Amino acid sequence: MGEKGELDESNGVSQDPVEGRFGFTDPARVERRVWRNIFAIIALAIALAAIFTDARCTASLALGSVLALLNFKWLHASLRAVLGVGGSAAPPGTTMKFIFRWLVVGAVIYGAIRTGWFYVVPIMVGLFAPAMAVMIEAVYMTYKTLKEDHKGK
Numbered sequence: 001m002g003e004k005g006e007l008d009e010s011n012g013v014s015q016d017p018v019e020g021r022f023g024f025t026d027p028a029r030v031e032r033r034v035w036r037n038i039f040a041i042i043a044l045a046i047a048l049a050a051i052f053t054d055a056r057c058t059a060s061l062a063l064g065s066v067l068a069l070l071n072f073k074w075l076h077a078s079l080r081a082v083l084g085v086g087g088s089a090a091p092p093g094t095t096m097k098f099i100f101r102w103l104v105v106g107a108v109i110y111g112a113i114r115t116g117w118f119y120v121v122p123i124m125v126g127l128f129a130p131a132m133a134v135m136i137e138a139v140y141m142t143y144k145t146l147k148e149d150h151k152g153k
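Note that the sequence shown covers residues 1 to 153 in our numbering.
Hint data in this document are derived by calculation from the structure and do not stem from the laboratory. The structure presented is a predicted model; accordingly, all values stated were derived computationally and were not measured. Using N, Cα and C, we set each Cβ at its ideal position, and we do this for glycine too. Do not rely on the hints blindly, as some may be mistaken.
[As the list claims (entries may be wrong)] Dumping the calculated DSBU-like pairs for lysine-lysine here, alpha-carbon to alpha-carbon at most 35 angstroms:
1) K73 x K147
2) K73 x K97
3) K144 x K73
[What the hints assert, rightly or not] Ranges of calculated distance between the beta carbons of each label pair, as one might list FRET restraints:
4) A89 x F39: 29 to 39 angstroms
5) T25 x G86: 40 to 50 angstroms
6) T53 x G93: 18 to 28 angstroms
7) L48 x W74: 18 to 28 angstroms
8) V104 x A43: 40 to 50 angstroms
9) M141 x T115: 20 to 30 angstroms
10) F39 x W102: 42 to 52 angstroms
11) A107 x L146: 41 to 51 angstroms
12) A47 x Y140: 34 to 44 angstroms
13) V104 x R36: 34 to 44 angstroms
14) V139 x L48: 37 to 47 angstroms
15) G106 x L146: 33 to 43 angstroms
16) E148 x L79: 42 to 52 angstroms
Using the sequences plus the hints, can you model the full thing?
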């Protein structure tokens, strides 16, 4: 290992001192894993719903999942904009963007339920896909951290 930032071939973990001790905590890597986990959870949930439930339930879960993806992407862009300013105060209109985002999601859910083609509960389950993805990432990072700590001892 000659240059900083090289990967340790034994475990694929970057030992770049700028990143800290563990390269798997790099924000870009974490974002990629969370995004990938969201898609995996949605695909698994929709496949299971298609096998074990009716078409309305599967469509409801798909709608909730699409709303979760849009909401997550929108939240991500909003937070990047807020953090990109670099000041101590958030830019004007930031609070309204967060409120508007949920109003849009709520309006779509309300409209979907009013049609009679969708169920409430599967829509809500679909909305939890990002939360599940973050929980999976937390478990993964805990495991990797404990594994690396035990290697050092």
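Okay, the hints, checked on the actual structure:
Proximity of K73 to K147 is assessed by CA-CA distance (about 32 angstroms); at most 35 angstroms being required, the pair is judged to hold. Between the alpha carbons of K73 and K97 the distance comes to roughly 13 angstroms, so the proposed pair stays at or under 35 angstroms and holds. Proposed proximity of K144 and K73 is supported: the alpha carbons are some 27 angstroms apart, at most 35 angstroms. Under the hint 29 to 39 angstroms, the C-beta atoms of A89 and F39, about 35 angstroms apart, fit the expected range.
Hint check: T25 to G86, Cβ distance near 22 angstroms, so the stated range 40 to 50 angstroms is violated. For the pair T53 and G93, the beta carbons lie near 41 angstroms from each other, so the given range of 18 to 28 angstroms is not met. At roughly 27 angstroms, the beta-carbon separation of L48 and W74 lies within the given 18 to 28 angstroms, and the hint holds. Taking the beta carbon of each, V104 and A43 are about 24 angstroms apart, not inside 40 to 50 angstroms as hinted.
Look at M141 against T115: about 41 angstroms separates their beta carbons, and that is not inside 20 to 30 angstroms. A beta carbon spacing of about 23 angstroms between F39 and W102 contradicts the range 42 to 52 angstroms that was offered as a hint. Checked against the hint of 41 to 51 angstroms, the pair A107 and L146 passes, with Cβ atoms roughly 44 angstroms apart. At about 22 angstroms, the beta-carbon gap between A47 and Y140 misses the expected band of 34 to 44 angstroms.
In this structure, V104 and R36 break the distance hint of 34 to 44 angstroms, their C-beta atoms being roughly 25 angstroms apart. Evaluation of the 37 to 47 angstroms hint for V139 and L48 yields a failure: the beta carbon distance comes to about 20 angstroms. For the pair G106 and L146, the beta carbons lie near 40 angstroms from each other, so the given range of 33 to 43 angstroms is met. Range check, E148 to L79: Cβ separation about 28 angstroms, and the 42 to 52 angstroms hint is violated.
In summary, the structure is inconsistent with hints 5, 6, 8, 9, 10, 12, 13, 14, 16 from the numbered list given earlier, while agreeing with the others.
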